[in-house]
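2 protein chains.
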Amino acid sequence: MIHLASIFQGGLAPDIVDSSLLATAPSSENASMVLAGVLLSLVFIYLASKLGGELSRLVDLPPVLGELVAGVVVGVSALHLLVFPETGAVAGDSVVMTILQKIAGLNPESIQEVFTAQSEVISVLAEIGVIILLFEIGLESDLRELQKVGSRAAVVAVVGVVAPFVAGTVGLVLVFGMPTIPAVFAGAALTATSIGITSKVLSELGQLKSTEGQIIVGAAVIDDVLGIIVLAVVASLAKTGEVDVVNLIYLIISATAFLLGSIFLGKFFNKSFVAIAEKLQTRGKLVIPALIFAFSMAFLANAIHLEAILGAFAAGLVLDETDKRKELDQQVIPIADILVPIFFVSVGARVDLSVLNPTSADNRQGLVIAAFLIVVAIIGKLITGWAIVGKEPINRLAIGIGMIPRGEVGLVFAGIGAASGVLDKPLQAAIIIMVILTTFVAPPLLRFAFKAESELVEEPVAVDS
Amino acid sequence: MIHLASIFQGGLAPDIVDSSLLATAPSSENASMVLAGVLLSLVFIYLASKLGGELSRLVDLPPVLGELVAGVVVGVSALHLLVFPETGAVAGDSVVMTILQKIAGLNPESIQEVFTAQSEVISVLAEIGVIILLFEIGLESDLRELQKVGSRAAVVAVVGVVAPFVAGTVGLVLVFGMPTIPAVFAGAALTATSIGITSKVLSELGQLKSTEGQIIVGAAVIDDVLGIIVLAVVASLAKTGEVDVVNLIYLIISATAFLLGSIFLGKFFNKSFVAIAEKLQTRGKLVIPALIFAFSMAFLANAIHLEAILGAFAAGLVLDETDKRKELDQQVIPIADILVPIFFVSVGARVDLSVLNPTSADNRQGLVIAAFLIVVAIIGKLITGWAIVGKEPINRLAIGIGMIPRGEVGLVFAGIGAASGVLDKPLQAAIIIMVILTTFVAPPLLRFAFKAESELVEEPVAVDS
Numbered sequence: 120m121i122h123l124a125s126i127f128q129g130g131l132a133p134d135i136v137d138s139s140l141l142a143t144a145p146s147s148e149n150a151s152m153v154l155a156g157v158l159l160s161l162v163f164i165y166l167a168s169k170l171g172g173e174l175s176r177l178v179d180l181p182p183v184l185g186e187l188v189a190g191v192v193v194g195v196s197a198l199h200l201l202v203f204p205e206t207g208a209v210a211g212d213s214v215v216m217t218i219l220q221k222i223a224g225l226n227p228e229s230i231q232e233v234f235t236a237q238s239e240v241i242s243v244l245a246e247i248g249v250i251i252l253l254f255e256i257g258l259e260s261d262l263r264e265l266q267k268v269g270s271r272a273a274v275v276a277v278v279g280v281v282a283p284f285v286a287g288t289v290g291l292v293l294v295f296g297m298p299t300i301p302a303v304f305a306g307a308a309l310t311a312t313s314i315g316i317t318s319k320v321l322s323e324l325g326q327l328k329s330t331e332g333q334i335i336v337g338a339a340v341i342d343d344v345l346g347i348i349v350l351a352v353v354a355s356l357a358k359t360g361e362v363d364v365v366n367l368i369y370l371i372i373s374a375t376a377f378l379l380g381s382i383f384l385g386k387f388f389n390k391s392f393v394a395i396a397e398k399l400q401t402r403g404k405l406v407i408p409a410l411i412f413a414f415s416m417a418f419l420a421n422a423i424h425l426e427a428i429l430g431a432f433a434a435g436l437v438l439d440e441t442d443k444r445k446e447l448d449q450q451v452i453p454i455a456d457i458l459v460p461i462f463f464v465s466v467g468a469r470v471d472l473s474v475l476n477p478t479s480a481d482n483r484q485g486l487v488i489a490a491f492l493i494v495v496a497i498i499g500k501l502i503t504g505w506a507i508v509g510k511e512p513i514n515r516l517a518i519g520i521g522m523i524p525r526g527e528v529g530l531v532f533a534g535i536g537a538a539s540g541v542l543d544k545p546l547q548a549a550i551i552i553m554v555i556l557t558t559f560v561a562p563p564l565l566r567f568a569f570k571a572e573s574e575l576v577e578e579p580v581a582v583d584s
Numbered sequence: 120m121i122h123l124a125s126i127f128q129g130g131l132a133p134d135i136v137d138s139s140l141l142a143t144a145p146s147s148e149n150a151s152m153v154l155a156g157v158l159l160s161l162v163f164i165y166l167a168s169k170l171g172g173e174l175s176r177l178v179d180l181p182p183v184l185g186e187l188v189a190g191v192v193v194g195v196s197a198l199h200l201l202v203f204p205e206t207g208a209v210a211g212d213s214v215v216m217t218i219l220q221k222i223a224g225l226n227p228e229s230i231q232e233v234f235t236a237q238s239e240v241i242s243v244l245a246e247i248g249v250i251i252l253l254f255e256i257g258l259e260s261d262l263r264e265l266q267k268v269g270s271r272a273a274v275v276a277v278v279g280v281v282a283p284f285v286a287g288t289v290g291l292v293l294v295f296g297m298p299t300i301p302a303v304f305a306g307a308a309l310t311a312t313s314i315g316i317t318s319k320v321l322s323e324l325g326q327l328k329s330t331e332g333q334i335i336v337g338a339a340v341i342d343d344v345l346g347i348i349v350l351a352v353v354a355s356l357a358k359t360g361e362v363d364v365v366n367l368i369y370l371i372i373s374a375t376a377f378l379l380g381s382i383f384l385g386k387f388f389n390k391s392f393v394a395i396a397e398k399l400q401t402r403g404k405l406v407i408p409a410l411i412f413a414f415s416m417a418f419l420a421n422a423i424h425l426e427a428i429l430g431a432f433a434a435g436l437v438l439d440e441t442d443k444r445k446e447l448d449q450q451v452i453p454i455a456d457i458l459v460p461i462f463f464v465s466v467g468a469r470v471d472l473s474v475l476n477p478t479s480a481d482n483r484q485g486l487v488i489a490a491f492l493i494v495v496a497i498i499g500k501l502i503t504g505w506a507i508v509g510k511e512p513i514n515r516l517a518i519g520i521g522m523i524p525r526g527e528v529g530l531v532f533a534g535i536g537a538a539s540g541v542l543d544k545p546l547q548a549a550i551i552i553m554v555i556l557t558t559f560v561a562p563p564l565l566r567f568a569f570k571a572e573s574e575l576v577e578e579p580v581a582v583d584s
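Chain order of the listed sequences is A and B.
With positions in the first sequence counted from 1, the corresponding number in our numbering is that position plus 119.
With positions in the second sequence counted from 1, the corresponding number in our numbering is that position plus 119.
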C-alpha cells in the first residue's frame, strides 16, 4: 500500500491517468509532471519566439535575432522561465518547476527528476529543430548551384578557419603572454561558423539562393567539417600533448566520404524515393519517408563523428533533386515552424549574461581578452569575401559577414576547455562573450550588407525615373 | 585532465561537438548519444508505421491497426527495437542501445542513463502526438454538431460506463468468488473508451463528421471524464477503504467547469484569435498561436487533474469556430503526420504478449478471467447504441463498436492496481489482455459496421440500374 500512497501524495489521484499512457511503473505521476513541464516550457518558448520575432521585424531586423534575444530574456539571464541543468541550474531555479511544485506538491527529489527529464526533452526537441532547419535549408539549396560555387566556398571556408585561428593563437601568446596550449584552444574556438544562425538569416532575407547565399552555406558546411577536425587535433593536443594522427586521418577520410557519398547518392536515390512515395497511400506518404531518410542520414553523420545537422543537410540536398520537391517543401514548412523556434529560443536561454558583469575581476580580465577575440573573430571572417579570386561582381562584404556568427561550436570548445582545465576562468568567459557578440551582431549586419547592395542597384533606376 | 579523458573514452573526440549544442557540462557525450538514440528510434517508429499502415490498407483494414501491430512487432514482444523502462526493460534489452554501445563504447552506467533519457523523450513525443491528434480531431469536429448530439452522447457514455462496471464487478464477485475491492478495481478498468484509437479509425473511415462519428467522439470525451472520476473513487477506496468525497466533488466540479468553460470561451475567444493571427507577419504566424492555445489548454486540463488530451480537444473545438479553420487544418496535417504515429507505434510496442503464454499457471487463470472480462467489455459497450431513444435511422451497431477500444486508461488501472497490491498477477494479466483485445478488435469491426451500412444503402441503387 505504501506505493499507492506515495503515488497519491499529490492529494489528488487522477494525476496518474493524465499522461502516463501505458506506463505501468509507479513513476507515472512523474511522467505526467514531465509532460506538464514540457507543455508549459513550449508555451513559454512559442510566446517568446513570436514576441521576439515580431518585434524584431517591426524594427526591420531579422526575426531570428528577436528569437535569440527573447530566449535570453526568458532564460538563465533574466526571467528563468527556461533554464537548463547544464548551465548549473537546479529545479528551484526554474519557474516552470516552481509552478508544477505549487500545483502538485512533489517532494524535492521528484521535482529534480522531473526537471532533468523535462530539460532533456526540450534539449532534444531543440536539436531535432536544428536538424529540421538544416534539412529545409538543404531542400531549398540546389546541389548543382552548390557545386558551381564549390571552389569559392572552399576558399572562404579555409581562409575563415586559418585566419582567425592563427591570428587568435599568435595574438594571445605574443600580446597577452599566454602559454601555447590554452592559446591554441582559444584560437580553435574562433574557427567554426554557426551554420544554423547564418542560414536562417539568409533564408529570412530571401538571399539563400543567391550566389552569395550559396557560397556562405557551402563554406559554412565545409568549415563545420574543418572545425570538427580542428577540435579533434586540439583536444588530443590538450590531452596528451601530441596529435593523434590515426584519429585525424580517420576523421578526414570519413568526412570526405560522407559528403561525396551523399552527392553520389543524390544521383541515383532520388528516383527510388519518388517511386516509393508514389506507391504509398496512407497519411504522411511523402513526409514520413522523407524524415526516415533525413533522420537516418543525421544518425549516420553522428555515428561517424560528424554533426547530425550535416547529415540532415545532405538529405535535404538529395531530395531537392526529386520531382516531389515542391510538395515536400510545403509540408516541411509547418513542421519547421513549430520545431525551429525551440532551437533558437534555447540558444538564447542558455546564454549567461553574468559573464559581462565587470564587478568580478575574472570578468574584467575576460572582457579585455574578449575584446581582442571579437576583433580577430570578426576581421578573420570578414576578409574571406575578398579571398575569392575573380573579377565578377559579388557582394564580398555580405559573404564575410555571413561567416561571422560562431554559435554552438565555439561554446562547445569553451565547455571542453573548462572541463579539461586547459582554459582558466577569464579565457573561458572571453570565448563565451565572443560567441554571444558574433552571434548577435551578424544578423543585423548581414541585412545591412544585402540592403546596401540592393540600394546601390536601385539608385540608377531612381535617377532614370 | 581526468574529465577530458573520460569524455573522450569513446576513442574519438568529436562526439562532443555533434549535438551537445550549447552544453557546457561534461555530460556532452551522453547528450549526443541521447540524440542519436532518439533519431534511430524515430527511424524505426516511422518505418514500422508506414509498413504496418500500408499493409493494413492493402488488406482493407484501418491503417491505425497496422501501426499498432507494427508497434507490437518492433516492441517488447518481438524485435526489441523500441522498448521502455516502464515495462521492466533495461538498456541491454534495447536494440537501439546495443547499436549505440557498439558505435560509441560507452560504459554500462552511461548507456543506462542514455536509455532512460531516450525513452523519456520518445514517451513525451508520443504524448505530444496524441495531444496533436485530439487537437486535430477537435478541429475536424463541429461544436454545434456536438451540442446537437450532446444528450445522445451522454446516454451512450453513461450506459457504457455503468454497464461494464456493474456487470464486471458483480460477475467477478459472484462467478469467480473474488473479494470486493479487486473486483471493483477490475470493473472500473472496463469503463473508459480510448478516444485516441476510436477517433483515429473514424477519421480514416471518413466517418468523423457523421452523426454516429460525432456521437462516438462526444461519448468518448464524456466517458473519459467519467473514467477519471471512477479512478479517483476506486483509488481512494483501495487506499483508505472509503471514498474521499471532497476530492470527488472537486473533480466533478472542475471537469464540468472546464468543459463548459471551453465552450463559453469558444464563443468569444475565436475572434481575438483571428485578430492576433492576422497581425502577425513572421513564419508560423498561424500555427504557433494555435499551438500556444492548444498546449496551454492541455496544460490547464492536466493541472486541474483532467487529461491533457481533453484540453487539446477543447482547443481544437474552439479554433474550429474561426475563419482560419481551413488554413490551420492544412498546416496541422503534416505536424500530425509526423507525431501521431509515434503514439500508436509506442502503444503497440509497450504491449507485452507474454501474458498470453498459457504455459504459466498465472497466465492460464488470467486467460479464463480475461475471457470473461472481454465478453463484458464488448457487450457492455455494444449495447450503448441501443440505449439511444428515438426512432431516427442511426447506425447503432457502429456506435456500440466505436466505444469498444479501451487502450491507455485501462492499462493505467492495471498499473496502479499492481503497484498498490490490490490486483494479483492473474487479474492484472486479464485486464491487460482485455485492453489488447478490445483495442485490436474494434478497428476492423468498426470498418465492417460502417461498410455493411453503406452496402445496405447502395443495394437499392444497384437494383434500380
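Calculated from the structure, these hints are not laboratory results.
Treat the hints with care, since some could be wrong.
Any copy will do: because identical chains look the same in the list, a pair fits if it lies in one copy or spans two.
[Stated by the list, open to error] Under the rule of at most 25 angstroms between Cα atoms (straight-line distance), these lysine-lysine pairs were calculated in the DSS-like manner:
1. K510 - K390
2. K404 - K328
3. K443 - K221
4. K445 - K570
5. K221 - K570
6. K445 - K510
7. K544 - K328
8. K398 - K386
9. K445 - K404
10. K386 - K443
Could you figure out if K221 and K570 sit no more than 25 angstroms apart (CA to CA) within one copy, between two copies, both or neither? neither (50 angstroms within a copy, 51 angstroms between copies)
Given a CA cutoff of 25 angstroms, do K404 and K328 count as a within-copy pair, a between-copy pair, both, or neither? Intra 28 angstroms, inter 24 angstroms, cutoff 25 angstroms: inter-copy only.
Checking K445 and K404: alpha-carbon separation at most 25 angstroms within a copy, between copies, both or neither? both (15 angstroms within a copy, 21 angstroms between copies)
Since the copies are identical, ignore which copy is meant and state whether K445 and K570 lie within 25 angstroms (CA to CA) inside a copy, between copies, both or neither. The answer is neither: 28 angstroms in one copy and 36 angstroms across copies each exceed 25 angstroms.
25 angstroms Cα threshold - placement of K390 relative to K510: neither (39 angstroms within a copy, 57 angstroms between copies)
My question is about K398 and K386: at a cut-off of 25 angstroms on alpha-carbon distance, are they close within one copy, between copies, both, or neither? within (21 angstroms within a copy, 44 angstroms between copies)
Between the shortest in-copy and the shortest cross-copy C-alpha distance, which are at most 25 angstroms for K445 and K510: within, between, both, or neither? Neither. Shortest intra-copy (35 angstroms) and inter-copy (51 angstroms) distances fail the 25 angstroms Cα cut-off.
Copy assignment of K443 with K221, given that the CA separation must stay at most 25 angstroms: For K443 and K221, neither the intra-copy (50 angstroms) nor the inter-copy (36 angstroms) Cα distance is at most 25 angstroms.
Alpha-carbon proximity between K544 and K328, which holds within one copy, between copies, both or neither at 25 angstroms: Neither way: K544 and K328 sit 42 angstroms apart in one copy and 63 angstroms across, limit 25 angstroms.
Is the C-alpha distance from K386 to K443 at most 25 angstroms within one copy, between copies, in both cases, or in neither? Within one copy, since 15 angstroms is at most 25 angstroms while 41 angstroms is not.
Checked against the numbered hints listed earlier, the structure breaks hints 1, 3, 4, 5, 6 and 7; every other hint is satisfied.
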